[in-house]
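*Asks:* Spelled out from the first residue to the last, the chains are:
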Amino acid sequence: MNRKEWQDRKGHPPADLLLLHLEDELDGPAARDVRAHIDQCGTCRLTCEELELGMSRFVAFRDTAVLPVPAPRPSALHARLIRAETEGAPVPLLERLRGMLSINTPGRIAFACSAATLCLVIWITVFLGAPRQSVYASQLLDDARIASDSLMAHSKVLNQKIRLRRGNLVIERNVHHGRLTPMQAQDSRIDSQLQQELDLAHVNLNDPLNAGDFAEWRSSLPEHADSVKETSQGFVITTRLDGAAIREGSIILSRSDWRAIARSVEVNGEAPIEISEVSYDLSDSLPSKSESAIGALVKSGPSSVVAPAATAEVSVLDLETSELDLREAFHSIGADVSANPEIWTADQTVFFHTSTQKPGETAAIRKAASRIPHVEEAGKQPARLAVPLPPFNEPGSYATTPPLAGELQAKLGDAQAVSTFLESFRTRSSHVLAEAAALEQLGKRYPDDKIKTLPPDLRARVNRLAASMLSSLQHDSSDYVKSLSPVLDDMAHDLNIPSPGDNSSSVPGCLPWQDNATLAEPHLRDLTKDVSLLLMPSQTDEPDPLPASKLMADSLKARSFLEVHLMSTCQLFGAS
Amino acid sequence: MEEQLAGYVSGLYEEHYAGLFRHLILSGSTAAEADDLIQEGFLRLFRHLGSGHPVDNPRWWLVKVMHNLRIDDIRKRKREFALDQPELTSMIEQMRTTGPDAEAEIIAREEQVRVQKAISRLAPRQYQYLLLRAEGLKLREIAEMFRVTVQTVSESCAKAMLELRRLGDES
Numbered sequence: 001m002n003r004k005e006w007q008d009r010k011g012h013p014p015a016d017l018l019l020l021h022l023e024d025e026l027d028g029p030a031a032r033d034v035r036a037h038i039d040q041c042g043t044c045r046l047t048c049e050e051l052e053l054g055m056s057r058f059v060a061f062r063d064t065a066v067l068p069v070p071a072p073r074p075s076a077l078h079a080r081l082i083r084a085e086t087e088g089a090p091v092p093l094l095e096r097l098r099g100m101l102s103i104n105t106p107g108r109i110a111f112a113c114s115a116a117t118l119c120l121v122i123w124i125t126v127f128l129g130a131p132r133q134s135v136y137a138s139q140l141l142d143d144a145r146i147a148s149d150s151l152m153a154h155s156k157v158l159n160q161k162i163r164l165r166r167g168n169l170v171i172e173r174n175v176h177h178g179r180l181t182p183m184q185a186q187d188s189r190i191d192s193q194l195q196q197e198l199d200l201a202h203v204n205l206n207d208p209l210n211a212g213d214f215a216e217w218r219s220s221l222p223e224h225a226d227s228v229k230e231t232s233q234g235f236v237i238t239t240r241l242d243g244a245a246i247r248e249g250s251i252i253l254s255r256s257d258w259r260a261i262a263r264s265v266e267v268n269g270e271a272p273i274e275i276s277e278v279s280y281d282l283s284d285s286l287p288s289k290s291e292s293a294i295g296a297l298v299k300s301g302p303s304s305v306v307a308p309a310a311t312a313e314v315s316v317l318d319l320e321t322s323e324l325d326l327r328e329a330f331h332s333i334g335a336d337v338s339a340n341p342e343i344w345t346a347d348q349t350v351f352f353h354t355s356t357q358k359p360g361e362t363a364a365i366r367k368a369a370s371r372i373p374h375v376e377e378a379g380k381q382p383a384r385l386a387v388p389l390p391p392f393n394e395p396g397s398y399a400t401t402p403p404l405a406g407e408l409q410a411k412l413g414d415a416q417a418v419s420t421f422l423e424s425f426r427t428r429s430s431h432v433l434a435e436a437a438a439l440e441q442l443g444k445r446y447p448d449d450k451i452k453t454l455p456p457d458l459r460a461r462v463n464r465l466a467a468s469m470l471s472s473l474q475h476d477s478s479d480y481v482k483s484l485s486p487v488l489d490d491m492a493h494d495l496n497i498p499s500p501g502d503n504s505s506s507v508p509g510c511l512p513w514q515d516n517a518t519l520a521e522p523h524l525r526d527l528t529k530d531v532s533l534l535l536m537p538s539q540t541d542e543p544d545p546l547p548a549s550k551l552m553a554d555s556l557k558a559r560s561f562l563e564v565h566l567m568s569t570c571q572l573f574g575a576s
Numbered sequence: 001m002e003e004q005l006a007g008y009v010s011g012l013y014e015e016h017y018a019g020l021f022r023h024l025i026l027s028g029s030t031a032a033e034a035d036d037l038i039q040e041g042f043l044r045l046f047r048h049l050g051s052g053h054p055v056d057n058p059r060w061w062l063v064k065v066m067h068n069l070r071i072d073d074i075r076k077r078k079r080e081f082a083l084d085q086p087e088l089t090s091m092i093e094q095m096r097t098t099g100p101d102a103e104a105e106i107i108a109r110e111e112q113v114r115v116q117k118a119i120s121r122l123a124p125r126q127y128q129y130l131l132l133r134a135e136g137l138k139l140r141e142i143a144e145m146f147r148v149t150v151q152t153v154s155e156s157c158a159k160a161m162l163e164l165r166r167l168g169d170e171s
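Here the protein sequences line up with chains V and P, keeping their order. FYI, the numbering for the first sequence is 1 to 576, going by my numbering. FYI, the numbering for the second sequence is 1 to 171, going by my numbering.
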């Protein structure tokens, strides 16, 4: 099937011509000839079918490729479109003006035309541009609010050092946006008049750069004029109201993340109040005690998340969302692994219980949970709902003597090195087992059937959470196996135990992540148990311990399975 | 009027975001690049529509515009060869796949693994052509985008399709 043979009419049309025919991209005699040939040729009809099948295979594969797709940000795009509109609108007009001026008319007519056009531009800017600026300002403030909500949804706190200046008065303080904030002491330098002006402008000294407060102040004005200016730093929104005590307020939103970085308040007959950010950082942690934390906890700003009233009806979706929020929050602080949390839903509430004994971790867990609606800490999960974790190395009745303890010391050199190695083994093994157990629990909570019933955004979040947990497990398991391998390989060599070889054919290619989680845990457990029996005094239920060669062979098999299966193969994620 | 148009374009953005994001990631863009390209693509669509030019199929229009933007970006960053040498294999390895339901699940997964392997053997250009063809673009349009002849695209695609058909069965 080559083009020359086809041109000489000695063979079949080449596949690319058949494809062009299928795509209806041939015309004239070429189209007619190919069609006539195909009508009479079974081989070419088969080739056409194969081309179509090949393409449909590709399309099917593309359509099933599930990649973590972030949520679209229509409001950000909308803001950009409005911005483009406000920036772009004058251009054709200016071009038209330029065109008018270039007409070779007598000077006076040209001047009159240009003056008239200039008046038109001013009129359009003043009377039509103002509403656009107002829409744009609202959009920008809305984006700032979304960014602020997103910060809180990710359990982040924006810590800012701010400076307030009015005339000679300069006050600096640390403030925190995005969480329940300890109320700061009233500064004695702020007199009642200044406080009154700050109140009028909706400036809260515990979070004075809160864009939500600025938006609230702006909305409260009966009539106002907005302007938006872009600088290299960000967007400057200025709102004016003639004749009012506060005649102008402005806020600067950072270009990079929409956080407010400066604010000013112009008061009639007084020096302006200027508030600016000196420095900032993002954190998860509580503020240090050295900060002036006095009094009761108060909301830091209008957009803080508050749990709804207990009497409100809570939908199943709300509970699903809260539970997932909680799981994500625990994962972000590592409590999903270290604190062995149990999470369940009852009576329109998501309950959790953790086994952590560390005060710092308990505080972090409570803090994370406190931001999520419909979530409460419980003393203990009801027994009928509890899914107990299988115990690791449950002590048995028989003490064993580790058959390869001597070899380990000979290999590592001294008792101190052995102790360090075994300590590292214990730490790493406990951690990966806890990670595997956490992932397995997540898999049991969200089996494929369950995931399919979730709305797409929750589905994507479950997949992302699973992918993140799986990635940690893969990484840590890899480190764990690598730390054991030199010792295992040497000892296997001494014992003449062959490597189990490539067992990739014995494991399935891609499995759903839930299945991988279920498979990983017992293999990690087996490897850990076998290595423990080989190297450390242990307690077992078996009166006759397995021989070292058998334990070693089993260890190598479990390691090989983990290497091939858990760390190298692809994972399948639920339909999204 | 412009507000209405902005609303219309924002609606299209929400509707097509996931598909376009997936297309760009599969084309070799990073997530951040894909997000930027999509925003820029929709901004251009807004301007295009705003200047009175009709668009028959916004999705195709956007795919083409984003492809050109991507090439411009690659050229700007002097990554001339990036388009022809995407890290296809590693990308395919990272790709997450999912199978349909119920009893055909195992067979479907085996099929996915086979096709995945077959795709990883395609030349990068073949892969890019197929990706655009899978978006519904005509061979002629793909040829214009890559500034090659229709015959080149057609030959390349036909070869790739037959390989996918064959390798998908045997591997």
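Simulated from the structure, these hints should not be mistaken for lab results. One or more of the hints may lead you astray.
Claimed, not checked - Taking beta-carbon pairs under 7 Å as the criterion, some of the chain P residues facing chain V (in silico): (1) Gln4; (2) Ala6; (3) Tyr8; (4) Tyr13; (5) Gln39; (6) Phe46; (7) Leu49; (8) Val115; (9) Leu130; (10) Ala134; (11) Arg140; (12) Glu155; (13) Ala158; (14) Met161; (15) Arg165; (16) Leu167.
Claimed, not checked - Beta-carbon label-pair distances, calculated as ranges: (17) V:Leu282 / P:Glu15: 24 to 34 Å; (18) V:Ser332 / P:Ala32: 13 to 23 Å; (19) V:Thr518 / P:Arg140: 44 to 54 Å; (20) V:Arg32 / P:Lys138: 15 to 25 Å; (21) P:Glu40 / V:Asp63: 22 to 32 Å; (22) V:Asp149 / P:Ala32: 14 to 24 Å; (23) P:Glu15 / V:Asp347: 53 to 63 Å; (24) V:Glu361 / P:Asp56: 51 to 61 Å.
Just so you know, even glycine gets a beta-carbon here, dropped at the ideal spot from N, CA and C.
*Asks:* Please go over all the hints and tell whether each is borne out by the structure.
*Replies:* Taking the hints in turn, this is what the structure says about them:
For glutamine 4 of chain P, the interface hint is violated, since its Cβ never comes within 7 Å of a Cβ in chain V; the closest pair sits about 11 Å apart. Interface hint status for alanine 6 of chain P: upheld, as the beta-carbon distance to the closest one in chain V is roughly 4 Å, under 7 Å. Checking tyrosine 8 of chain P against chain V: minimum C-beta separation of about 10 Å lies over 7 Å; hint violated. A distance limit of 7 Å between C-beta atoms decides the matter here; for tyrosine 13 of chain P the minimum to chain V is near 5 Å, and the interface restraint holds.
A hinted interface residue such as glutamine 39 of chain P counts as satisfied when its beta carbon comes closer than 7 Å to some beta carbon of chain V; here the least separation is about 6 Å, so the hint holds. With a cut of 7 Å, the hint placing phenylalanine 46 of chain P at the interface with chain V holds, because the nearest CB-to-CB distance is about 5 Å. Below 7 Å, beta-carbon pairs count as interface contacts, and leucine 49 of chain P has none with chain V, the closest being about 11 Å; its hint is therefore violated. Using the Cβ-Cβ criterion of 7 Å, the hint placing valine 115 of chain P at the interface with chain V is satisfied: the shortest such distance is roughly 5 Å.
For leucine 130 of chain P, the interface hint holds, since its Cβ comes within 7 Å of a Cβ in chain V; the closest pair sits about 5 Å apart. Because the beta carbon of alanine 134 of chain P sits about 5 Å from the nearest beta carbon in chain V, less than 7 Å, this interface hint is met. For the restraint placing arginine 140 of chain P at the interface with chain V, the shortest Cβ-Cβ distance is roughly 6 Å, inside the 7 Å limit, so the hint holds. With a cut of 7 Å, the hint placing glutamate 155 of chain P at the interface with chain V holds, because the nearest CB-to-CB distance is about 4 Å.
About 4 Å separates the beta-carbon of alanine 158 of chain P from the nearest beta-carbon of chain V, less than 7 Å, and the hint is met. The criterion of a C-beta within 7 Å of any C-beta in chain V is met by methionine 161 of chain P, whose closest approach is roughly 3 Å, and the hint holds. Because the closest C-beta pair between arginine 165 of chain P and chain V is about 4 Å apart, less than 7 Å, the hint holds. Annotation: leucine 167 of chain P was flagged as interfacial toward chain V, and the flag is violated, the nearest CB pair being 9 Å apart, outside 7 Å.
The hint said 24 to 34 Å for the Cβ distance between leucine 282 of chain V and glutamate 15 of chain P, and at roughly 33 Å that hint holds. Look at serine 332 of chain V against alanine 32 of chain P: about 21 Å separates their beta carbons, and that is inside 13 to 23 Å. Between threonine 518 of chain V and arginine 140 of chain P the CB atoms are about 50 Å apart, so this pair conforms to the stated range of 44 to 54 Å. Distance hint check for arginine 32 of chain V and lysine 138 of chain P: the Cβ-Cβ separation is about 20 Å, which falls inside the suggested range of 15 to 25 Å.
For glutamate 40 of chain P paired with aspartate 63 of chain V, a C-beta distance near 25 Å keeps the hint of 22 to 32 Å intact. A C-beta distance of roughly 21 Å is found between aspartate 149 of chain V and alanine 32 of chain P, which places it inside the suggested range of 14 to 24 Å. Hint check: glutamate 15 of chain P to aspartate 347 of chain V, Cβ distance near 39 Å, so the stated range 53 to 63 Å is violated. Judged by the Cβ atoms, the range 51 to 61 Å given for glutamate 361 of chain V and aspartate 56 of chain P holds: they are separated by roughly 58 Å.
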